[in-house]
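Novice: What follows is the residue order along each chain.
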Amino acid sequence: MAAAAVSRFFDSDLWWSFSRSPVAVLSAAVALLCIGGALLAPWIAPQNPFDLATLNLSDAFKPPAWAEEGDTAFPLGSDDQGRDVLSAIMHGARVSLLVGVCAVLFSTLVGVSVGLTAGYLGGTADAVLMRIADIQLTFPSILVALLVDGVVRAALPRETHDQIALFVVIFAIGISNWPQFARTVRGSTLVERNKEYVLAARVIGLSQLRIMLTHVLPNVLGPVLVIATLNLGFAILAEATLSFLGVGVPPTQPSLGTLIRIGNDFLMSGEWWITIFPGVALVAMVLSVNLLGDWLRDALNPRLR
Amino acid sequence: MTAAPPLLEVRNLRVEFPSRRGTLVALHDVSFSIAPGEILGVVGESGAGKSMTGAAIIRLLEPPGRIAGGQILLEGRRIDNLSQDEMRRIRGRRIGAIFQDPLTTLNPLYTVGRQLTETMQTHLDLSGSEARARAIGWLEMVGIPAAAQRIDSYPHEFSGGMRQRVVIALALCAEPRLVVADEPTTALDVSIQAQVIALLKRLAREKNTSMMLVTHDMGVIAETADRVAVMYAGRVVEIGPVREVVKHPHHPYSIGLMNSIPPLDHRVERLAQIDGAMPRLNAVPPGCPYNPRCPKVFDRCIVERPDLLDAGSTRAACWLYDPAEPPHV
Amino acid sequence: MFAFVLSRLLQAVPVMLVVALISFAMFAYVGDPVSIMLGQDFTEAQRDALVRDLGLDQPFFVQFARFVGNAIQGEFGLSYRLSRPVAELIAERAPATLELASCAAAIALFVGVPMGVFTGLYRQSWLSRFFLTFSLIGVSLPTFLIGILLILIFSVWLGWLPSFGRGDTVQIGSWSTGFLTGSGLKALVLPAITLGLFQLTLIMRLVRAEMLEVLRTDYIKFARARGLADRSVNFGHALKNTLVPVITIAGLQFGSIIAFAIVTETVFQWPGMGLLFIQSVGAADIPVMAAYLLLIALVFVTINLVVDLLYYAVDPRLRADRGASARGT
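Residue numbers (this note's numbering), protein chains in the order written: chain A, 175 to 479; chain B, 12 to 340; chain C, 81 to 409.
Calculated directly from the structure, the hints in this document are not laboratory data.
Where a beta carbon is used, it is the ideal one built from N, C-alpha and C, also for glycine.
Be careful, since some hints might not be right.
[To be verified] 30 Å max Cα-Cα, derived DSBU-like pairs, lysine-lysine:
(1) 301/C <-> 212/B
(2) 301/C <-> 320/C
(3) 258/B <-> 212/B
(4) 258/B <-> 307/B
(5) 301/C <-> 218/B
[Unchecked claim] Here's a subset of chain A near chain C, in silico, CB distances under 7 Å, partners left out:
(6) 309
(7) 328
(8) 449
(9) 461
This is chain A alone, in the form it adopts within the complex (with noise of 0.2 Å):
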């Protein structure tokens, strides 16, 4: 079946829509090396910035590769410990994208239930679900990111806190965002529900539940996924400020957006390469994702075109 599913793809006119545009293959492109340096990280990276035993306090500071003082050992300059700024980013893009793409994942898990269910049972339960999404969607989303994160850390002692704070940005970061999903998908839930083949299988007896999984939840997943497309963009970004802010992933374990904030302290003395590489890789991975969300938005919808 998956097989057939990519022979499929391939075919069809997504994939025509997307080899005749050059901004898609280039964010593609972007993208891939952004999420490949990530992923590979531990193998490819030229140091591990957590081995405190390669770490040389003499080669601290060193400026990148192509200024006068620079280092070709450390291609974009080295930080106060002398770590590999290079080596740093890609770990910390690593960590970037897993909350990332966690936290999509539990906004869509959320949200698309909440839609499926409005949508479907419509009545008070649609009301009240569509209400409190409407009340939250009032509210900038980083915003709850910050209250959920800080409310997890008031409930929690410090040393728990710690060592779940990566779930905790992913809750966070989640839960701010699932309403954009529940919406969307009532709407196209309530096109779905009143369609024959949804009264066709409520006939035949099937439980509530089984059509909603079955039969609605298919239907309504190409929408689904070009907004977690372009909220993945957001999501990265989302945890890039929490971390920068000292309140997302632990600094154990630097995404990003901690690295910005603590090259952040060597700005003013001129070390600039420590917080900007970091910054320049962010807005790459992050522009690259949006501009292949946009391109999937308008390809799976040529009326907005």
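Please arrange chains B and C on chain A, whose structure you already have, making use of the hints.
Specialist: Just chains B and C now, kept in the frame of chain A:
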């Protein structure tokens, strides 16, 4: 027609739309004139270039459309080569315009009074209170009841027919010599159409304003116009006094067009229809553009394009009326 | 009008109550306020006394009602971290944030709207293309990176502007302002640009899109056909119609200026409410977080109300609809 010097004269007007796949010629050698106080009807199918002729005269063609040749003369003076700013002074003041859909023609955020006074004050030297008094006068003239109270109403507070009356007032309020009315009744209820047309005709006569009335409704033309121009695929194919064109059309296309209108005085079993469709702009055949559909087509029509020729009471762009041609059946 | 405002206010009440409930739940159930307030050494009797004092032995709704009552009077208890009344802390920090946010909003609005109008009117000019490319970057860069870049360029490399703090402030009553000193104004420049830039690009793109939409409408064409001056068509008729949707989105976006002030204040160590909030999140200082949450909710509800009122003022159609539905019910 009499020999009065024309108010508007259009000579060999050509409008082109440059596009990625080459240049489309939307209007081709369009020539006609309108005498002072005359109402010229312009008819044809959608896409024949009627509205575009009107838009070209007031120089509001949708980009990238542009006038690529010919001349437009207003009171003997060329206006097709004026600067945008000089043209702006002519629009509204010398040539008024009425658009098709009154629901979208009026700015929803301004009162009708404000739209009237700003138009008058742009073109005429009037104080605020004079303009307002005139605006009320115009609303009365176009038949808005309780005009003095309605002047501060917003467009959405009027019905479609009433809004078109406001549009007419707006087109006429700076007292232009010519009005280009582009399908002024098409978007209205049938019951309202006749009233609006009667109003237009009455005002044109009272103010001695000439009018170019673009429509696809032959009934409206027959009732209102003095002369009529029939357009087909961006060309004028026949022009003449309205009675002649309606009763005794000469161009085979006009004949087909008139036969497709149900007569009021007797029943017919089946209305005639013209087979085929008007060619798209990028697929106009060489020779006479009507040749693929023409029942009287002959060799010359396929290679050579006819200009307007004398056909007795009207002028028609058809080789049948070339005195050099032997009579065809 | 009055009924309209009243109905909007009534809609805001449940939102505020829901937020208050969340706020209260945080306050009452997250962490252990009693042990935090007592410190290390205390007796059981002291503890019970404090629980009674705080009313923590009362039923849920009594506690909630008291919380709401206190909140309305601006009473949020003591900060765990700083052991000072929360209201006092916020009042101290509010001027810094409000001055920063209003400057950012002003930049976004007074630069974003003209840029949007310009790019909408002159689509082909190279300046428009430049603005659009610039806006794409503005949308993709996270706020904190913009701040860092500005610091790098204008503070580190060029040394023109300070990179942190508010500079000198002048105390006017309980309000401390940075507007009256040279160093205060200089300190404001980079943070205000950082905070305003994202909103600026958003507003610019929005205005441009709306402008393009409006310029295509019939009423703009008709305004041109009436010979109105370009200035009055573009900046009167077109811009006013553009504003209707722009107001809503811009209004809602200004709420997010407050949210992103947290980030900007962190980058520039700006002593405002955002910095206070982020320090409280780091220290799990629940009373400050709860108060901040309520305050932000209040700001949002107020903004929504203002947006609705502006809408009402700009669009006459809305006035009529509201009036009709109010009469209907």
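Novice: Are the hints correct? Go through all of them and say.
Specialist: For each hint, the structure was consulted:
Between residue 301/C and residue 212/B the alpha-carbon distance is near 24 Å, which keeps this suggested pair within the 30 Å criterion. Pair hint residue 301/C plus residue 320/C holds up; C-alpha atoms about 15 Å apart against a cutoff of 30 Å. With a C-alpha separation of about 22 Å, the suggested pairing of residue 258/B with residue 212/B holds against the 30 Å cut-off. Proximity of residue 258/B to residue 307/B is assessed by CA-CA distance (about 19 Å); at most 30 Å being required, the pair is judged to hold.
Straight-line distance between C-alpha atoms of residue 301/C and residue 218/B comes to about 25 Å, which keeps the hinted pair within the 30 Å bound. For residue 309/A, the shortest C-beta to C-beta distance to chain C is roughly 6 Å, which falls under 7 Å, so the interface hint holds. Because the closest C-beta pair between residue 328/A and chain C is about 4 Å apart, less than 7 Å, the hint holds. Among the interface hints, the one on residue 449/A holds; its C-beta lies about 6 Å from the nearest C-beta in chain C, closer than the 7 Å criterion.
Because the smallest distance between the Cβ of residue 461/A and any Cβ of chain C comes to about 5 Å, under 7 Å, the interface hint for this residue holds.
Hint violations for this structure: none, all hints satisfied.
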